[in-house]
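There are 2 protein chains.
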Amino acid sequence: MKERGTLVVVSGFSGAGKGTVLAQVLARRPDLYFSVSFTTRAPREGEQDGVNYHFVTREEFQARIGRGEFLEYAEYVGNYYGTSMQVIREKLERGIDVVLEIEIQGAAKVREKLPEAVSLFLVPPSFEELSRRLHARGTDSEEKIQQRLATAREEAKEIVNYDYIVVNDTVDHAVEEILAILTAESCRKERRLHLMEGV
Amino acid sequence: MKERGTLVVVSGFSGAGKGTVLAQVLARRPDLYFSVSFTTRAPREGEQDGVNYHFVTREEFQARIGRGEFLEYAEYVGNYYGTSMQVIREKLERGIDVVLEIEIQGAAKVREKLPEAVSLFLVPPSFEELSRRLHARGTDSEEKIQQRLATAREEAKEIVNYDYIVVNDTVDHAVEEILAILTAESCRKERRLHLMEGV
Numbered sequence: 016m017k018e019r020g021t022l023v024v025v026s027g028f029s030g031a032g033k034g035t036v037l038a039q040v041l042a043r044r045p046d047l048y049f050s051v052s053f054t055t056r057a058p059r060e061g062e063q064d065g066v067n068y069h070f071v072t073r074e075e076f077q078a079r080i081g082r083g084e085f086l087e088y089a090e091y092v093g094n095y096y097g098t099s100m101q102v103i104r105e106k107l108e109r110g111i112d113v114v115l116e117i118e119i120q121g122a123a124k125v126r127e128k129l130p131e132a133v134s135l136f137l138v139p140p141s142f143e144e145l146s147r148r149l150h151a152r153g154t155d156s157e158e159k160i161q162q163r164l165a166t167a168r169e170e171a172k173e174i175v176n177y178d179y180i181v182v183n184d185t186v187d188h189a190v191e192e193i194l195a196i197l198t199a200e201s202c203r204k205e206r207r208l209h210l211m212e213g214v
Numbered sequence: 016m017k018e019r020g021t022l023v024v025v026s027g028f029s030g031a032g033k034g035t036v037l038a039q040v041l042a043r044r045p046d047l048y049f050s051v052s053f054t055t056r057a058p059r060e061g062e063q064d065g066v067n068y069h070f071v072t073r074e075e076f077q078a079r080i081g082r083g084e085f086l087e088y089a090e091y092v093g094n095y096y097g098t099s100m101q102v103i104r105e106k107l108e109r110g111i112d113v114v115l116e117i118e119i120q121g122a123a124k125v126r127e128k129l130p131e132a133v134s135l136f137l138v139p140p141s142f143e144e145l146s147r148r149l150h151a152r153g154t155d156s157e158e159k160i161q162q163r164l165a166t167a168r169e170e171a172k173e174i175v176n177y178d179y180i181v182v183n184d185t186v187d188h189a190v191e192e193i194l195a196i197l198t199a200e201s202c203r204k205e206r207r208l209h210l211m212e213g214v
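Protein sequence lines, in the order shown, are assigned to chains W and V. For the first sequence, the numbering used here gives the first residue as 16, with consecutive numbering after it. For the second sequence, the numbering used here gives the first residue as 16, with consecutive numbering after it.
Because the hints were derived from the structure by calculation, they are not lab data. All of these numbers come straight from a predicted model, not from anything done at the bench. Mixed in with the good hints, there may be bad ones.
[Claimed, not checked] A partial selection of chain V residues facing chain W, derived with a Cβ cut-off under 8 Å:
hint, residue
1, L37
2, L107
3, G110
4, I111
5, V114
6, A132
7, V182
8, D184
9, E192
10, K204
[Claimed, not checked] Label pairs and their calculated CB-CB ranges:
hint, chain 1, residue 1, chain 2, residue 2, range
11, W, T154, V, Q120, 55 to 63 Å
12, V, Q39, W, T154, 28 to 36 Å
13, V, L41, W, E131, 27 to 35 Å
14, V, F70, W, D187, 41 to 49 Å
15, W, E108, V, R147, 29 to 37 Å
16, W, E75, V, T35, 30 to 38 Å
17, W, A42, V, D184, 20 to 28 Å
18, W, E131, V, P140, 22 to 30 Å
Positions of the beta carbon are idealized from the N, C-alpha and C atoms, including for glycine.
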């Protein structure tokens, strides 16, 4: 029997530093597959097909919905976004660990369809620090920042549904914790009992 | 709210290399408390009180039983062996992670009394390798080795009750896995939800 891969679902507040942390996790574990979403929105400057997203037409997206290919999908501001069940399943069956960065509602749907998924939520060390980071980025108006903080306070209520909470106090520390979670999950009894077969 | 420590229960087949692996885990994580058992048997050459065991008299041991101090205890060949609940609880409350090396029956009792304990079972990469290691030690007769292997086959049935299986293919690898499990467990939602208090 071959060991199946682990599906790791990562969510976090806007401004918690998911992008930076996950880029380093992937640099340290090049064997991981980082799930790339499908979208019908147009590529932005510098975005590459198959790297940032799989860019597809509305017709193709709907055909994939029809074939039940999505683990989850949603429509935002007139564009579809979705995660392909087919690709993820194929990787997991080949024993490859899959990382899926996804917002809270999407994570809930994934957990429903694949209860064996491991989920983690990345948080800043405090809300004061989150506020500081959002201001430091300098990309949002004060009103927008207050909106993001209010959203984060709402989202905090959902963290109870995740398996792990990773604190991004420093990027290195958060990366170490995520790598440890990946290693520990691969040691779970459920994944290794097959080693005891034939005893 | 202070984060409580994690109690990690470690079992493994005789010959799986528990001693070597745990010594290196403790060297890498000197903040861990390695639980020392109480016993009424006499110290052997080189054994130190408070390091290998807490050596106590039969009267003292029975008084401790009477006070309900033991998480688990058993009598083997006329001597008592037991794990103090009091010491472990005090360390956990102070936020210290505790490692407890214990055989399968003892581990079952610990799990019953402290269901939040995390348990891991150390296995050699295969039974062929276990047999090879037992022969290589050169300390047991062939009959004794066959007995140990038969016991291991019996014990293998209990592994399903453990949370994690750690494979001791190399000591370094097993140590890495145990350290990762300790880190991952400290990231569990249950231990960190207090970070979201006051949001």
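Each hint tested on the structure:
A cut of 8 Å between beta carbons decides the hint on V:L37: the least distance to chain W is about 16 Å, and the hint is violated. A least Cβ separation of about 19 Å between V:L107 and chain W goes past the 8 Å threshold, and the interface hint is therefore violated. With 8 Å as the threshold, the beta carbon of V:G110 stays out of range of chain W, its nearest partner Cβ sitting at about 15 Å, so the hint is violated. The interface hint given for V:I111 is violated, since its Cβ lies 19 Å from the closest Cβ of chain W, which is over the 8 Å cut-off.
With its C-beta approaching chain W no nearer than about 15 Å, V:V114 sits outside the 8 Å limit, and its interface hint is violated. The interface hint given for V:A132 is violated, since its Cβ lies 14 Å from the closest Cβ of chain W, which is over the 8 Å cut-off. At its closest, the beta carbon of V:V182 sits 7 Å from a beta carbon of chain W; the interface hint therefore holds under the 8 Å criterion. Nearest Cβ of chain W to the Cβ of V:D184: about 11 Å, over the 8 Å cut. The hint is violated.
At its closest, the beta carbon of V:E192 sits 5 Å from a beta carbon of chain W; the interface hint therefore holds under the 8 Å criterion. A least Cβ separation of about 6 Å between V:K204 and chain W falls short of the 8 Å threshold, and the interface hint therefore holds. Roughly 60 Å separates the CB atoms of W:T154 and V:Q120, a value that falls within the hinted 55 to 63 Å. For V:Q39 and W:T154, the hinted distance range of 28 to 36 Å is not satisfied, since their beta carbons lie about 47 Å from each other.
For V:L41 and W:E131, the hinted distance range of 27 to 35 Å is satisfied, since their beta carbons lie about 33 Å from each other. Evaluation of the 41 to 49 Å hint for V:F70 and W:D187 yields a pass: the beta carbon distance comes to about 44 Å. For W:E108 and V:R147, the Cβ-Cβ distance of about 33 Å falls inside the hinted range of 29 to 37 Å, so the restraint holds. At about 57 Å, the beta-carbon gap between W:E75 and V:T35 misses the expected band of 30 to 38 Å.
Checking the proposed 20 to 28 Å range against W:A42 and V:D184 shows it holds: the Cβ atoms sit about 26 Å from each other. Distance hint for W:E131 and V:P140: a CB-CB separation of about 25 Å, consistent with the stated range 22 to 30 Å.
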